[in-house]
Structures are given as structure tokens and as C-alpha cells.
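Which chain is which? The protein sequence lines are A and B, in order.
Heads up: the first sequence at position 268 corresponds to 264 in my numbering, and the numbers run straight through without jumps.
Heads up: the second sequence at position 29 corresponds to 25 in my numbering, and the numbers run straight through without jumps.
Read the hints as simulated data drawn from the structure, not as lab findings.
Be a bit skeptical, because a hint or two may be false.
Since the list can't tell identical chains apart, any single copy or any two copies may satisfy a pair.
[What the hints assert, rightly or not] Below, computed lysine-lysine pairings styled on BS3-like, alpha-carbon distance capped at 27 Å:
id: 1; residue 1: K89; residue 2: K74
id: 2; residue 1: K89; residue 2: K123
id: 3; residue 1: K361; residue 2: K23
2 protein chains.
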Amino acid sequence: MAKIPHRLYLTEDQMPRQWYNLRADMKEQPDPLIHPGTHEPLPVEALYPIFCEQLAQQELDTTTRYFDIPEPVLDMYKLYRPSPLCRAYNLEKALDTPAKIYYKFEGNNTSGSHKLNSAIAQAYYAKAQGLKGLTTETGAGQWGTALSEACAYFDLDLKVFMVKVSYEQKPYRKAVMQTFGANVTPSPSNTTETGRAILAADPTTGGSLGCAISEAVEVATTTEGYRYVLGSVLNQVLLHQSIIGLESKQAMEMLDEYPDIVIGCAGGGSNLGGLIAPFMQDKLTGKADPRIIAVEPASCPSFTRGKYAYDFCDTGHVTPLARMYTLGNGFMPAANHAGGLRYHGMSPILSKLYHDGYMEAVSAKQTDVFEAAVQFAKLETILPAPESSHAIRCAIDEALKCKQTGEAKTILFGLTGTGYFDMSAYEAFHSGTMTSHVPTDEELAVGFATLPQVD
Amino acid sequence: MAKIPHRLYLTEDQMPRQWYNLRADMKEQPDPLIHPGTHEPLPVEALYPIFCEQLAQQELDTTTRYFDIPEPVLDMYKLYRPSPLCRAYNLEKALDTPAKIYYKFEGNNTSGSHKLNSAIAQAYYAKAQGLKGLTTETGAGQWGTALSEACAYFDLDLKVFMVKVSYEQKPYRKAVMQTFGANVTPSPSNTTETGRAILAADPTTGGSLGCAISEAVEVATTTEGYRYVLGSVLNQVLLHQSIIGLESKQAMEMLDEYPDIVIGCAGGGSNLGGLIAPFMQDKLTGKADPRIIAVEPASCPSFTRGKYAYDFCDTGHVTPLARMYTLGNGFMPAANHAGGLRYHGMSPILSKLYHDGYMEAVSAKQTDVFEAAVQFAKLETILPAPESSHAIRCAIDEALKCKQTGEAKTILFGLTGTGYFDMSAYEAFHSGTMTSHVPTDEELAVGFATLPQVD
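Construct the entire structure; sequences and hints are all you get.
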């Protein structure tokens, strides 16, 4: 019998009590958020109408290395954390690789993903500020579910604008959010000026994430006691998600392990930034030098084919500009693209680290990703989310390289969530109707043309 | 801070390595399975054409107290077990009760329920016997999913007959099973004599569990190298599910706790029998005297309004007769009844224990059950399955009684699974269209009229 368990759960007492802020150890900082009109850096006060104050401060804080996790946040974390660090014995055996494969599994909660880690923090700070409620947008629904859980727990109102096509195609996601008391509105809606304008122009539109963001921001900034929250991209979200990496590192230390390679899927960067945080710290401070690999869809390749440029964080142009790897806010990923990871940009922190050579990025085709997902499900019995399966694909590829070279590398990847609500994509894969779109340079040029002119 | 954690996970080393057979400590045994024609007790050989040999032996073994869990079964258990013992601090606080409420959560695996515990054992024994594959039926799909996972892991073929109306209403359940490589056929089908006969009589039928069982048994007994497996009711299933109770008892001992009340939902009895096993042992052997409560739907009240009589285990009359609490094999629960727990009978072991006064039974109305489910979800962040929510309802009721009497009782209930695939029922609850059917005595008489004549 192997001594390393299949699943290692830290105890409540061993759970990290602080989040780690990567920026405190970065030699060069990401470029600041700037105003889309003046191009001046935004002071923290400019963010207060949108975000609650503590979160706005976290967003701009580049020096505080550790933030205490508030006690009520820790209490809610204890309902589903620490999450298990898993050893993929069966996958290793099936691949016949000398590599050791670990994954940190974030899917054992009702939202089905890591999104809950930041939803709880954001809901708590809103409650602590005495706010009445929050607004947000959701596409596939994982973020909306996570925030619904957090708002139910902290007794906050929640208005979710759900992209209309998802609202109609995923009625059960809506029902989960309603079970937790959230008010879910299909977007575009008649409840906002933005929504009414879009509906007037095209009454049959299925909506878009950009439109849903605009509606959510409009309601937050025009309703007394409300603020807007976002589940990825933001620096504050990466801060909260550092719990993933901190737990992973601590669990690996208990097993006398340290990863040679850390792999995470990359959409807006919330999981990737959280998972790699303490390992990147080691890299930035010269303590260790693991390879860190971001995996993105070939159909939405921000890191591998995007530009490092100032861009809007949304497609509706209601946000400040951030410098990041981006395909242009007008970029539209292929329609058959499954699940999340369809964001045009990327976390500014991760963009800077990638730009400065601290991490690698690869892209994976959709059919290759689902092939890895099905192989993993059969061997490890967890049905992975399409997003997470990008990391599985890369971990398998790296383990197969180890088989060729005979190297017994230690691989850690992030399994961000489960795929119960993505079965239509699995069905397309099984029936052979799934395709893998790789945008042409001409298609990418359409997106790049929407980048704003800065300096 | 309380010293008892929100979730307690045993380590791999602490995991039970044996299943416990309740019958070894019962002073009186359940009546034997008998042949429907001769009414003679069935010898073990009579079961071999249907069940694989080791399982047939477990089915009839009344004396072996502990069975070693085979190493390959333990290995697969380690992919999702030990399951957490949870303290419902938030629920206790919201109810303002002096009671301590614990629940054993079996939903953290892809099947979403405890069903996997027996599916793995049954698939392993089939593989060990050198069989090629298994057949089964599934309604809502949890059992079919669990068995698909187990068969993928042990490299066995699996043919699932899924009630046609569920096959059409729950396409994603089917897709999950297909991801694990199962062959899923809507029942009735043209692939069996039974199916063809039923289709000839009514080409538009939506099918029934009874019909699906008949098709699965027909295929198993007429195909070389195949056997039939069932996810509940059987003695062998209760044996495998004893892992739930054994882990619960061990975890509670580590916390210096022992339950005053043990509560489980009851359909065919697999979860209830597994959860209560070691506590019932204490009761049978005089070591302790906890109250043990079965909770069943008011719309399908086998224990509370059924007869203790010999009956077919299926509605298609292909099985032997078992003496159990039953509503009659022709009983049809109300159409609006959500989720599982719609079985006409009950585990013969549990039926005997109930008949002999070792346990209590209560029934709960569907709307009351969903009210408890939503309250629990908001406080504990787990979205419970409708089945599990029957136990939640009863635990809340008992905790509220403690509030009235001031008694600080320790309550343990089984949270058998998650409700992600039951959102249409939650939607009906939210929209106010859910009703609670309680059958009239006249309606029950229709079911009782289908009981076979024995002595």
C-alpha cells in the first residue's frame, strides 16, 4: 500500500487563516487601472460606487503581503473547505508514467467550483459595510450559484443578470440560484436602461455576458445600498482564491512533496492565480523554480495569441481599462465553445507575470480536452467541468513526456469543478458532433480592431 | 470557537475494512425468500443465474457477522471515502435548539449519492467471477450513474434500462452514464421479449421501474457472462452500505459523541439500513438504546400504512417473494412525487426489525420536505436530494421538540445525496405548484389487492 493517501484533507485547524497577495512579491507591478476617457490612474475612491470599500482597497493594494481572512468568512469556508489534495494513482497507472500526479479538487460544494471562495469574501465585506444587496452577471451559472449561496448565508439580497440564452437553456441552474433566494433576471431585460435599449434594437437577442455586466453595474450604481461583484479577473478575486494554492502547498509539504510543474486552466485567471500563488511566491523570491503553465482554449487564446495592451474588462465599455493579455473586447469565441474560459482578456496580475517570463502558456483544442475529461472520469470517478479539463489535458501531456524521458516529475494541477451542468457538451463529444475551432489570424484581427487607443 | 469541526473526515487508515451484517445479531431472522410458485425457501444455487455467486451467498448469509471488504473495493472507496461527518452548527443556531445535529454526507461523488458504496462491491464481485458485464434498471438515474462509474473502473460492460419517461426528461443523466461507458436503453425497448410485448400492447407507454427490472433480468439471464444487479432492498446491499454507519460511529467516537436519535430516509432501505447498522447492533446486543427513526414519504408509506406480508420485489413478477412491509407490488405512488423513495416495499431486514419494535417510522408530506430542504440548503450550503430531505425534515422536527423540552439530545441523520438532477421538483416547490398527496384508504386497497396469496 502506498503511504500517500488518495485524498488528503487538512483539518480545520490546519486551514490557512490568511490570503496571500502576489503583488507584494512582484518586482514590477501590473500597470494601473486607468479611466477610459482621461487615461489617468484611478484612485481608490473612484471604485467605491461600484465595489464595497474593503474590496476596492484590496483591488489596489500592492504592498500588503497577507490579509487576515475574516472569522465569518473562515466559518463559511469550513462548510466545504479544506478541499482535498488528490493523488491520481489510477491515471498515473493508466498512463504508465513515472510522474506523480496530484490535483486540488474544488468541486465538492453546491456551486460545483472554486468560485465560492471569492463569493463568500465579497458577500461578507458587503454585509460588513452594511449594504443591502449585490448585483452580478452570470453566463453558465457557476458564479451566480456561488454568490447565491454566499448571499443566502450572509442574508443579503442578490440580483443576478443571467445571459438570456443560458437562462433558457439551463433552467436548472436558475432553479438552484432561486433555491438560495437569488432574484434571477434574463438579460437583456426591461429593468434597466441598457437592457431596454438593446431590446429596442433587437427584441429577439439571446444576450451576452457584456450586456449582462452592463445591466448589473447599472443596477448597482443606481440602487441605494447595492454594489456590483465579479467572479474573476480582478486582483481582489485572485487574493481570495490564494486559499487554493496555500492549502495545496501545505498539504504537499505534509507529504514531503513539492511540484516540479503547476498547471491551471485560464479563463479570467481566478483559479490559475489562486492555485499558483504560493508557488509563484517561491519563484519570485528565489526559493524554488517550478514550471507554471496556464492552459487556455485554442478557440479563445488570450495568452498565446493575444496582445498585451490596455483594454476594457467588459464588452459593454462600462469598466475602467486594464493592461492585460487580450483578444480585444469585441472578440467573440466560436459558438460551439463549451463552458467558461471564453473571456477576451486575462487577469492583469497574471498577464504581467506572463509578460515578464515567470510562467508559460499553452492552448488546447476542445475535442482533445473532452478526450482527457472522459479518460479522467473513468479512472478517477470525478466528472470534470470542461474548464477544469483543460488542465487535465496538459497534465496528461506532461506525464506522457515524463514517460518518454523517464523523469519522475511531480505534477500538480487544479481541478476547479464538476461538469454536471455541462452534459450537453459531453453529449456533443460522445455523438461526434463537437468541433474544435481555432480562430484564423483574420478572425483575431476583428477582435484586435476593438482595442481602445491608449497613448 | 467550538472544538468539534464542521466536517470531520476520517483518514484512509481509519477507514473501516469490514462490512457489518446486521442479521448476525438479530434474535429472530427475517423470513426467507421463497419461490413464487412453490412457496419453498430458495437455496443459494437458485440465485446463481441472477446474481453472481459471492453476492448470492451474502444475500442468504445470516451468521457471518463481519465480511472483509476486498482490497480493490477499498481502493475505489478511497476515491471518495471516508465521507464527512458534519456538524450542522448553522441549522442548530437557526432553530435555536439545545440539540446537537450531525449528518453523514454521502453526496460528494459523481453519482451524487450513497448508491456508489454497493455498486462498487457488486461490480467487483462480478469481475472477480470473470463475468463480462452487468444489467440493471434505473429510474431517476442515481443508481445507474453509480453502477456506470463502478463498471468503468472494473472494466465491465453495463447495460442500463432506464424508464423511458426519465430517459426523455433527464437526458443529462443518460449523458453522465454514457460518459462512463454505459449502454443506456429506454425501457420498454425492442431488445427484449418483455419490452416488445409491452410496446405491442401500448406503443406510447412511458415505461415503469417494474418493466425496466423485467427487461434487465431477462437480458442478464439470457446473455452469456452477464448477471443482474439491484441498488436497494436486498440484504447484500444493506451489508455493503454498513460502511456509512461504521464510519459515522467511528467519527462520533472520536468526538466523544453517541447519538440519542438516528434518522434515515427510507425507500428500499439501503441508506437507512447502512446508516443504522452499528447503532442497531448496540441495540440488539444491549450496549445502547438509541431511538432509530425511518422517514418515508406520506405518498408512499410502506412502513406506516403498509402490510407485513410476502410480496414480489418488483412489479413485473420476475423476482422471488420476500416478506416485508409493502403497499402491494401494484401500488403506484402519486405522479407528482419527486425523486426516489417510490418503492412499494421495504428491505426485509428493516421490515423485520420494525415489526419486532426495534425502530420507529414516520411519514412526511412532500411540501414539508422541500421546505426543510430549502432551509437546510441556505444554512448548510448543500443542495439536498429530495430523498435525503425527508431525513432533514425529521431531524428538524426532533430538534424543535428538544427546544420545547430543553433537552440537549444528539441527533444523527443521513444526508444521502445532492439534488442537482432534481431541480424540476425544486422549481415546482418555488412556484407553488407542488402538492402533497396522501393516499386514501381506498387507494391503498388497490395496491393491497395485488399482494400474492401465500399460505
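These are the hints, each one checked on the structure:
1. Taking the shortest alpha-carbon separations for K89 and K74, only the inter-copy value of 16 Å comes in at or below 27 Å, while the best intra-copy value is 33 Å.
2. In this homomeric assembly, K89 and K123 come within 27 Å of each other (Cα to Cα) only across copies, at 19 Å, whereas the closest approach inside a single copy is 48 Å.
3. Neither within a single protomer nor between protomers do K361 and K23 lie at most 27 Å apart by alpha-carbon distance, with minima of 34 Å and 63 Å respectively.
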